[in-house]
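Trainee: Numbering of the sequence shown is given in this note's numbering, commencing with residue -18 and proceeding in unit increments.
There may be inaccurate statements among the hints.
[Unchecked claim] Here are the simulated DSS-like pairs of lysine-lysine, each with C-alpha atoms no more than 25 Å apart in a straight line:
1. Lys196 - Lys210
2. Lys195 - Lys178
3. Lys195 - Lys102
4. Lys196 - Lys102
5. Lys254 - Lys38
6. Lys154 - Lys210
Bear in mind the hints are in silico, worked out from the structure with no lab data behind them.
In this text the structure is predicted, and so the values were computed from the model without any measurement.
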Amino acid sequence: MSAVQLFDVEVSPDAEIRLANPRGFCAGVDRAIDIVNRALDVYGAPIYVRHEVVHNKFVVDTLRQRGAIFVDELDDVPIEDSLGRQPIVIFSAHGVSQQVQEEAAARGFQVFDATCPLVTKVHLEVMRFSAEGRECVLIGHARHPEVEGTMGQYNSNKGGSIYLVESVADVQKLEVHDPARLAYVTQTTLSMDDTAKVIDALRDRFPHIEGPRKKDICYATQNRQDAVKQLALESDLLLVVGSPNSSNSNRLCELAERMGCEAYLIDRVDDLKPEWFVGKKRFGVTAGASAPEILVQQVVDRLREISGQAPLEVPGVEENIVFRMPRELAR
-18 MSAVQLFDVE VSPDAEIRLA NPRGFCAGVD RAIDIVNRAL DVYGAPIYVR
32 HEVVHNKFVV DTLRQRGAIF VDELDDVPIE DSLGRQPIVI FSAHGVSQQV
82 QEEAAARGFQ VFDATCPLVT KVHLEVMRFS AEGRECVLIG HARHPEVEGT
132 MGQYNSNKGG SIYLVESVAD VQKLEVHDPA RLAYVTQTTL SMDDTAKVID
182 ALRDRFPHIE GPRKKDICYA TQNRQDAVKQ LALESDLLLV VGSPNSSNSN
232 RLCELAERMG CEAYLIDRVD DLKPEWFVGK KRFGVTAGAS APEILVQQVV
282 DRLREISGQA PLEVPGVEEN IVFRMPRELA R
């Protein structure tokens, strides 16, 4: 068989396409998007959303077209909306600090909280550690909205502090007030392998440190990383569908690269570059937890031009978790 021409690059005609499972939306993302859509159905536009409800450009643009208005801070929300109503505000899936919650209440907004329940679990852990008089270490990425919301759950009025570390090197430099009264939590979308190393470093440096009752990295993050570990072994090229500001999507790309597989993060099918395909014949495709399946299928359709064959769904963990909607928005 002759080679197939794609993007003006010759690619082997017997190239294979393998799809990771699970991939794409998790239960927390599904719930957050449903909350915005349902609020628009029930109350009509405009609906204000603090921060991108999930980190995906396609999702945000789609909701914006329906009448969602995305703001960085509550200061950007008017006293009245364009219909003369008290504004309806939705908190993103990443969660917000106690200060933001209090500000929204003080301004009289009707609030729907789309915080992922697994992020809320971490918030409750921080609040518990704070109430017990423990200082807290958060393993996470600086300036990520989930990290900002989680750090904002700690009550520093009792004399303790919450500290942010991103790496083993950060742990070595960390100075706390009372090493005997110390606890840690983690961002939910981190690399499992990197986080394990940071936790080991914390336990070595602070032997009395207490961890969460259950691990904080969420089931969806773990399942998608496990699927990529398998897929990277079977691929010459791995494509991760996800937006650049998606933490979990970036971790998937980094994980594949660490395993020696060439990998790229793409927001949409038009991001594909011809030089990536030179000399490759085994293509793996996955998606971050905030990337919709329609974007994956657009990529797959483009890749099918190479092989003319249907993609192979790689078996993986089945996910059937569903999170409850707010009562006012339940169907």
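Trainee: Next step is simple, just say for each hint if it's right about the structure.
Mentor: Comparing the hints with the structure gives:
1. Lys196 - Lys210: The hint holds at about 20 Å.
2. Lys195 - Lys178: 17 Å, holds
3. Lys195 - Lys102: OK: Lys195 and Lys102 at ~10 Å, within 25 Å.
4. Lys196 - Lys102: 10 Å, holds
5. Lys254 - Lys38: Holds. Lys254 to Lys38 sits at ~20 Å (cutoff 25 Å).
6. Lys154 - Lys210: The hint is violated at about 31 Å.
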